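Go ahead and model the full structure; you've got the sequences and the hints to work with.
Chains as they are written, first to last, in the working numbering: chain G, 1 to 306; chain P, 1 to 83.
The list that follows gives simulated cross-link-like pairs (lysine-lysine, DSS-like), each with its CA atoms no further than 30 Å apart:
1) P:Lys75 with P:Lys53
2) P:Lys53 with G:Lys285
3) G:Lys138 with G:Lys236
4) P:Lys75 with G:Lys79
5) G:Lys90 with P:Lys79
6) P:Lys63 with G:Lys285
7) P:Lys63 with G:Lys83
8) G:Lys59 with P:Lys63
9) P:Lys75 with P:Lys21
10) G:Lys138 with G:Lys285
11) G:Lys138 with G:Lys232
12) P:Lys21 with P:Lys53
13) G:Lys140 with G:Lys306
14) P:Lys63 with G:Lys7
15) P:Lys53 with G:Lys79
Far from chain G by the CB rule (all over 10 Å, computed), these chain P residues:
16) Asp2
17) Val3
18) Leu4
19) Glu18
20) Asp24
21) Ala83
Simulated from the structure, these hints should not be mistaken for laboratory data. Model, not experiment: these values are computed from the prediction. All C-beta atoms in this analysis are idealised placements derived from N, C-alpha and C, irrespective of residue type, glycine included.
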Amino acid sequence: MSEISLKDFPCVATISRILREEAPYLAGVIDKQFGEFGSEWLSEFEADLATFFSGDMEKLRLATQGYIKFALDGMLLQKRFDKTGRYEPKTYDQAAAEVYQNEQYMHTLYLPGIYLSHFLWRHHFIQHLYFLDQFVPKVKAHGGTTYYDVGVGTGFYLREMLRRIPGLRGHGFDLSPSSLSYTDRMVTAFGLRDRCTLNLQNILTDPPSPPASFLTNVEVLEHLEDPLAFLKGLNKLLAPGGLGMITAAVTAPNADHIYLYSSVDELVAQAREAGFIVIDSREDKAYEPRRPNESVPRNAIVIVSK
Amino acid sequence: MDVLSTMTTVFRRVFDDESIKLADATTAQDIPGWDSLTHINLIIEIEDEFGLKFTVDDIAGLKNVGEMVAMVERKLAAKRQDA
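Have a look at this one:
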């Protein structure tokens, strides 16, 4: 049983109940996150879910079941990664066919899994806090009004940028129609659809113009065969003096992770080589390893300028 | 092969607790320390013990030990058929 009262948090209570009933070994995550991040985490999570699912508890149930599979898939791969020290070999085209262009996989497992992980995974929630505490104030102080989110995923960060910075106009890019439709649902639910465009567009072969004041690129690089080439492409999208937040998964295998980052230092070095000025960086773990030599999913973040 | 008794051996090893007794209805709420990380360690140890490889679909719906045993028995039967 949960140790915290979820009486006034019906969406989180629904997730907690489904986890207890269908995957009891995952149910402790609610108490764990509350224990580390407190009532602010709980209130924000409830508000997010209430807005996004708009009272549709059946959709929330399906999303939670997708999260269960997403989390299990990642944990299984993490254990196999411990044995080999490398991601399962895959080309971008293979990953795209298996994941990004697979509408059923995207909508039933991958996208709901990622969305809920923003609150249920320690390192993802810390990334969100860092975004709010470190990136958003810099963006507000800058005063620019144009913004590119490259690789929108669930639309979480596109939505957050628009929500937190009134007057900003956003343009989201992705190669997956499923990601764009999920993002459409996300920004519509938060009343932000009229402040952004969503584009099925490869920014390397068809770069948008003019360069934007701000960009975000959240957990895209590890999905690529050549992240440095991609970072060089991103660099061209940022106006001089602009600001970007770029993140990458580190030692975190997934069905579509190709490029293995070993630390935030590698991301910092690549960002610099691509022409960015690195203003700040950090790395966070999903949890503490229990055994020596046990790998742990981590997250690397850089705030960059140009 | 008695899957439940082999699985009991695996559980005792993973939890380092010789007193564990499994029943079909046993869930993660019945065994202290059965969280997500221990669960995945169990899954990997069961794979190794029975010479099987599980997919996420195999393991996602498992709510108790009885369902784990049934899944392993299904996979073993399929493996015998393929051999």
